[in-house]
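Protein chains: 2
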Amino acid sequence: MPTVSGQSAIPKVDTPVNYGVVLYPYFQALDVFGSLDPLNSLAFEYHLNLYIIAATLDPVSTRPPDDENPKKSDFAQSIVPTHTFETAPPLDVLIVPGGRADQAVVDFIAKLYPSLKYLFTVCTGSGIAARAGVLDGKQATTNKMEWEKTIALRPQVTWITHARWVVDGNIWTSSGVSAGMDAMLAFIAEIYGKGHAEKISNYLEYKRHEDSKWDPFSDLYGLK
Amino acid sequence: MPTVSGQSAIPKVDTPVNYGVVLYPYFQALDVFGSLDPLNSLAFEYHLNLYIIAATLDPVSTRPPDDENPKKSDFAQSIVPTHTFETAPPLDVLIVPGGRADQAVVDFIAKLYPSLKYLFTVCTGSGIAARAGVLDGKQATTNKMEWEKTIALRPQVTWITHARWVVDGNIWTSSGVSAGMDAMLAFIAEIYGKGHAEKISNYLEYKRHEDSKWDPFSDLYGLK
Chain A
1 MPTVSGQSAI PKVDTPVNYG VVLYPYFQAL DVFGSLDPLN SLAFEYHLNL YIIAATLDPV
61 STRPPDDENP KKSDFAQSIV PTHTFETAPP LDVLIVPGGR ADQAVVDFIA KLYPSLKYLF
121 TVCTGSGIAA RAGVLDGKQA TTNKMEWEKT IALRPQVTWI THARWVVDGN IWTSSGVSAG
181 MDAMLAFIAE IYGKGHAEKI SNYLEYKRHE DSKWDPFSDL YGLK
Chain B
1 MPTVSGQSAI PKVDTPVNYG VVLYPYFQAL DVFGSLDPLN SLAFEYHLNL YIIAATLDPV
61 STRPPDDENP KKSDFAQSIV PTHTFETAPP LDVLIVPGGR ADQAVVDFIA KLYPSLKYLF
121 TVCTGSGIAA RAGVLDGKQA TTNKMEWEKT IALRPQVTWI THARWVVDGN IWTSSGVSAG
181 MDAMLAFIAE IYGKGHAEKI SNYLEYKRHE DSKWDPFSDL YGLK
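Top to bottom, those sequences are chains A and B.
Sequential numbering from 1 applies to the first sequence in full-length UniProt numbering.
Sequential numbering from 1 applies to the second sequence in full-length UniProt numbering.
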């Protein structure tokens, strides 16, 4: 992507450089790539590093377990990690996609959170962060279809029903799947400057929702 | 995702089962996952297979070449192929993401097209299909920012400026990056029934553009 020039907004001085995303089996692909692809573009404008972190260095697949694959489909994508929970370097931002993470992922988030500049979750990723205790006493949102199941994981969190995404301190939580795109573009606007977010949205031919309270799915799923 | 029930639209009888996506270095991640993730959901409703096809079985990375990485970022994702151009099985649908494919990809599309039920391209993927000659005499669209460069690849194609996606016969071409999501959801609506497209959109918390002529980016980039 060509270089952005003539930014009107002034980016923060100490912008994040080192991003990590945690993967585990049966993660939701668009949770990961809806939030990473805007950063793929931003990496042409800022020096950024990405660490893809999992339990081992084996590729991690979106494949559902056999007992949740009613049509016996063979339809999955596998991503290659760069680091394990043990070898992950210090990070500025950790991205947590939705799915059913085991305790090792939860422990990794709990261990890493105090050294992060930002924690960014997509979809039920906020449920995983909640299990790590890092959302206690904070406002957060999550997937609206999986709402009840997710918020039951941690009543110490102030769960916000009607939100595309929620920011509380240094924690960004987004609603389901594609909401990660809007939340990441809002994050880029906030941290690196609005011009970058607009340029990247236009490059991706994506009309982003700029209002964090835009949430027709909260109503659709009957949440109060 | 739970099973869809009470579909109002009647799906086509002979629905596609075997999907392929062709990968090559420096592909656009969201071209691939914006179109695949709705199919990941559909695979809970229909028996579907996915073949990830590349020159070799080595993981394929989104990483830009060194001379197009001005900030020397280390920011990329690698996907594991399941088949090579030589070992790919017969397919019903081939998905072609955007980027700079070499002649081997072009030759693979040309070879495979006569046996496909559908060809589906995202972003500048239509330029790759055009190079294979399979779009000659057909209507197609492509990325609006890369418009002039892409259409110059093959003047025998009737390039449509103002379109989120274009269908001509069994070829679906979408505009840039995120347009692949709308085009794939429209494809699912057309082939498997509108109820599936709606259910999947709601699950992804994505308000899809249902009008194939919705295209603010054509105007943004000054295309006539």
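Some hints could be false.
All copies of an identical chain are treated as equivalent in the list; a pair is satisfied when it fits inside any one copy or across any two copies.
[What the hints assert, rightly or not] Computed cross-link-like contacts, PhoX-like style, restricted to lysine-lysine with a CA-CA straight-line distance of at most 25 Å:
hint, residue 1, residue 2
1, K72, K117
2, K194, K207
3, K194, K71
4, K111, K224
5, K207, K149
6, K194, K72
7, K207, K224
8, K71, K213
Just so you know, these hints were derived from the structure itself, not from any lab.
None of these values were measured; they are calculated from a predicted model.
**Request:** Quick one: which hint numbers does this structure break? Sort them smallest to largest.
**Result:** Violated: hints 4 and 8.
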